[in-house]
Each structure stands twice: as C-alpha cells, then as structure tokens.
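Protein chains: 2
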Amino acid sequence: MDVAVIGLGLIGGSVLRALASTGHAVLGYDADPATRATARTAAAQAPPAQRWQIARTVRDAVATADLVVIAVPLPAVAGVLDELSAAGYTGLLTDVTSVKEPVRLLVHEHLGGRRRDDDRPADAHPGDGADRRAGFVGGHPMAGRETSGFGAADPALFTDCAWVLCLEPEETSVADWLELAALVATLGARVVPAVAAEHDRAVAAVSHVPHLLATAIAAVAADDPLAGTLAAGSFRDGTRVAATRPDLVAAMCGGNALAVGPALDAVLDALEQARAAVGSADPIGALRGWLAPGSAARRAWPPRAGIPVELPARPDALLRLGRSGGWVTRVSGDRRTVTGVRPAPPDPA
Amino acid sequence: MDVAVIGLGLIGGSVLRALASTGHAVLGYDADPATRATARTAAAQAPPAQRWQIARTVRDAVATADLVVIAVPLPAVAGVLDELSAAGYTGLLTDVTSVKEPVRLLVHEHLGGRRRDDDRPADAHPGDGADRRAGFVGGHPMAGRETSGFGAADPALFTDCAWVLCLEPEETSVADWLELAALVATLGARVVPAVAAEHDRAVAAVSHVPHLLATAIAAVAADDPLAGTLAAGSFRDGTRVAATRPDLVAAMCGGNALAVGPALDAVLDALEQARAAVGSADPIGALRGWLAPGSAARRAWPPRAGIPVELPARPDALLRLGRSGGWVTRVSGDRRTVTGVRPAPPDPA
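The listed protein sequences correspond, in order, to chains H and F. Residue numbering for the first sequence follows this note's numbering, beginning at 1 and increasing consecutively. Residue numbering for the second sequence follows this note's numbering, beginning at 1001 and increasing consecutively.
Incorrect hints may have been included.
[What the hints assert, rightly or not] Computed footprint of chain H on chain F, listed as stretches where at least three residues anywhere in the stretch have a Cβ under 8 Å from a Cβ of chain H:
1. 1053-1059
2. 1091-1104
3. 1188-1194
4. 1260-1271
Honestly, the hints are just simulated from the structure, not real lab data. Please read these numbers as outputs of a predicted model, since none were measured by experiment. Don't be surprised by glycine CBs; every beta carbon is placed ideally from N, CA and C.
Pulled out of the complex, with its shape left as it was, chain H reads as follows (with noise of 0.2 Å):
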C-alpha cells in the first residue's frame, strides 16, 4: 500500500518504520523541521527496500497515499483533518490517538461523517477515486514507553501490542476495517475491535485513572520525608506513571473526562468500602473479604492462555470477540473470516 503517516513520534515514527520494513511504500510528514530532517538521514541509513520518504507538507504526503495515519497529540487532529479535507482525501484514515470517542467526533465534524459500504461500488478499492469519503477506523496501539520522539522509534514496537481498531455498528466500513486489520496484523499486534465509548471507559480503567491514584499516593506521601526513606517496592511500583510529564498526563485523562469520571467513582466507591473496613472492629477480617476479588483478578491477569477461535467478519461477531478479552490475529485472504485468540477462563484456583 501507498501510506502516508502525519506525525512521526514515537508512535507515527515506529508506524513508519514497520510499514517500511514490510514493503510498503511509505511517505512521513512532520509539522517540526528538525523531525523531518532526522527522518529523512535515518532513512538514508535504512536498507534500500525498505527506505521511507518525507514530505514538506500535508498535502504532498497523501497526494497518492492509499492510507494515512494520524500520529499527532489530539489537540493537533482537527488542523490535520483539515488539511485533508483541503486536499481532497478519500482513501482509508486511521489514528493512532489514546482517546477514541472524542476523534471520532473530530472526523464527523472536519470531514463529514465517515463512509459506509454502500457509499461505494461492490468492486471499488480504498484509494481508487470512487469513494465520495475518506474511511475513517479510529485505532489506538497500546504501545507507550518512557521514552518519546522520532529518535525513540522501533519497527518492532508492535509485536504482540494490542493495537484497537474502532467499529461502530452501523457506522464504520467493514471492508475499511478488515483492510486495517490486516495491516496491522502484519505488524505482529493483536487487533482489538471495540467501540469507541468502550475502548475510551476501558483505558480509563486500566490508565488513565491508574495515573490519577499514583499521583495521589505521590502526593500525600511527600508531605513527609521520613515516608520517601522508607517508600520501596510498593511505593516505586505504584506510583511509578506519577513521573510523567503532567500536561501528557492531563491531556490523557482531561480528554478522555468523559469516561475518566465514572471509571474514578467506581475506584472511590471501592476505597470507601476499604475505608469501612479499616475502621471496622475487625479491620482485618474486613480488609481480607475486601480483598480478595480484586487480589484474584490481579493473580489472573494476564490471561497465560488463549483459546483459539475463528469468526465470520462480521460486526456483531467481532465485537463479541474484543468484548470477551478477544482479538483477531489473521484475516482471511477473501475478507470473510478472521482468526484470533479469546483468554482461556482463569484457573479455579
């Protein structure tokens, strides 16, 4: 495929380097000069075949791109949409942002709602002039490191991430998002279908609000030095995510508000039942029957086994799939089945 990639961090950086290295054509773009010219000597530097162009504007990436990745932070999604707009795009659209619902909402609004399946001929291809619309499949690689930047970039980045593609019933492209998941299957991530809203209310459960509570504990713990020198492995490993930069971190959980809120009040009502129990006359007898769910579910994560499972590419049966803890590794050569994997139940321990 012809694919452009606008934004070339640490995640557009590593996008464009796996596609380069598994033979597509790729053309990056970056608004900072000092990126692109990076880009551009590391491309020299890259096998012939597998070598990547950078372009000096938007617009001159996707002139011939059958896909394009945005990899910018959100605040800069909607100057993008525009430009594609501008440009007249009409091929297949992804994202590679932490929030789906809210770029969702950005691509209806600068692009004019998303393209179905019967917006196009039965035999048209993505790129080929007869689509009226640009393909938009939201995805999200779960991906992060400590470090950021081009420079940080890894091909390899994706091997086993699980990396959402968006399908909103009724309204993505089918066609559009088994094209995608077979991209990004070739990359060795595990393609996650979810709805949007979903997607946005599990992240604030698994990360968002995680780096909320290790702030919290960061906070309260340096009102008193004694407490740093005796803090070890529970404090470093809990309070870990507390390091990062706070306006990435306030832009994560602040754009996800939406589903950040009731995903906290779930982990408040818990601590206020851990509470109760503390000032129980038994606190530890309380303490143990208030730990123990959430004890065996750490003990259960991850899943060491997978089930096998092979589904028709539908909607309703792909959902069900990312539903259940599921995700799709191969689809099929005509576009009617996928392979994946569904978590083995937990032992009965």
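Since chain H is already given, all that's left is putting chain F on it; use the hints.
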C-alpha cells in the same frame, strides 16, 4: 555477640545468615520442625566460621543470648514474648515486624515495660545480668520481597535497605538503641531512627495504602474483559502488589489500622479533588494543576544525593535526622556520636 533469632522466614532467615556471616554466634529457632531441619542442613553447608546453630525451643535459643531478634508474624509475637518472660530473659530485644506501635504495646503488656538507661548501673553491659528487664528496641527492615521462607533467605538482603529502629523519647534506652544501630549498620543497612507511631504513619502512606489502591484498580478493571486486554505498563506496575496474598495484606493493613485510616483519608481527599477537576469545565487545565505537586514529588524520589552528617548520639538529634529523611550509617566506638546521611534538597526543577 550471642544472638538468638526466633522465626526463620525470609527476614528472620536473612538476619540469621547475615549475622552469622559477620562473625556473631547465632542460634535460630522456628516453630515449624521442617523449617528448623532446613535451617540446620543449610548451616552444615556454610563455611565453618560462619555456621549457625538451631535450637529446639525458644528457651534453649535465648539461654545465652545478648540479643534476641523476634522475626515471627505479628499474631505470634505475644506468644514469643511470654516465652521470653518465662525464661527470665533480660538482654537486648528487637523485632522485625512491619508495624511498630502495636508491638511496642505488646512488649509493655507481656514484659512489663522497657528498661531505661537509669534502670542499670553505668558500667553494665547488655546481657550481663545487671538489668532488671529486657531492653526492647523495635525494628523494621524495609526489605520485602516477592519470595518467602528460609529457602529465600539472603545474607545480603539488607544492603542499602532502610532499617527503622524505634526510639521513644523518655522511654527507649539510648545505650540499647546505639548497640543495635551499630550492629544493623554492619549489615549494610541504613539505620532510620523513628518514633513507633511516626513509623506506622509513614509505612501506611508508602506501603499499606498503595496496596489498597492497587487492589481497588484491579477489582474495578476486572469487570471488563476488554480492559484486561488493553491493560499495559501503567496497570501492570500500578497493580503489581495486588497479587499479594489477601491474608498477608489484610494482616499488614488491618494491624496498622490506626495509621492506615488517616493515610487513606488523605489519599481519598486528593482523589476527590481530582474527580472535581475531571468534572470541571476545563478538565485538562484543572488536572494539570492537580497533577503538578505529586508528579514533581515522584520525580524527586528517591533523593539522588545525600549530605554526610555527624551528630551527637542523643534522641532529639537522631529523631530530627530520621524526620528529615536521613539515616545513620555508623555509630562511633565511644557511642557519643553517629555518622549519617541527610537527603540533599531536590534540584530546583
């Protein structure tokens, strides 16, 4: 010194090995015959000059001891204290339990209070029979590990680990405290002087409450299998300690309920502020302000550099050092001064 170690799990076993390897005569005891057999077999494999012995009863273990180290779980401490009382033990006494005020109260109850410096002649030495009571100094090496049992015992476990020795003004014998501090320092530990209640408050903040938060996150995420699939680094590290056995965490947090309650309240207050920020008109801006202090505190931990200090060996000076986040590394031969380290103030970021 002649040392008896009562309880040969990970910590007790490591204390036994560490003291034996630094030339002390060590007698160990464990209530479990299989553990005693394991410890006896291991002794035969140690270099002859570093061998320990295993006694069949607490009374046998402490008969000739200058120092008894209680390394049993909190619920078993009272029974050991009764055996020491029945054996008429009057030497130095310490423990390695993770809460200190409850143990202090148990010693008071079962051994009739602690001796003070004016309880014995100025020229008396620990264990010479001139004391009327055992000289108790509560201790807590911050050296937890995922592993447990004598098989995991490691004489190097305490290298650079913070080891609290409790110093109650108007109560603890400073001579006893310095005797133990000198010994613990030779094991490579950072000796942290602290009042028992202040220790309990500090570990509630940096260890006990983080265990509760980790478990709450794991429990809430468990409701959604999709969340389990998308969980990555922040979930893995933030919930690691939730996998600890619930009965151990319940004993630890419930045994320190008086300090855990207020520490959990402080974290809940902070999280309620975060919740308000998430629900505000400008969640990103509000969260940025909320996140800043905790994030800065975490980046400043652990302190990178320490300032060497020399102090008079007096309770007020020692406790001031501990409260400032410092520790003792050496006790002078004449027991008049200590050498220590005070954390350097964080870089103005």
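Here is what the structure says about each hint:
Counting residues of the region 1053-1059 of chain F whose beta carbon lies closer than 8 Å to any beta carbon of chain H gives 0, which falls below the threshold of three, so the coverage claim is violated. Three residues within the 8 Å Cβ limit are the bar, and the region 1091-1104 of chain F against chain H gives 0, so the coverage statement is violated. Look at the region 1188-1194 of chain F against chain H: 3 of its residues bring a Cβ nearer than 8 Å to a Cβ of that chain, three or more, so the hint holds. A stretch counts as covered by a chain when three or more of its residues have a beta carbon under 8 Å from one of that chain; for the region 1260-1271 of chain F and chain H the count is 10, and the coverage holds.
When held up to the earlier numbered hints, the structure conflicts with 1, 2 and fits the remainder.
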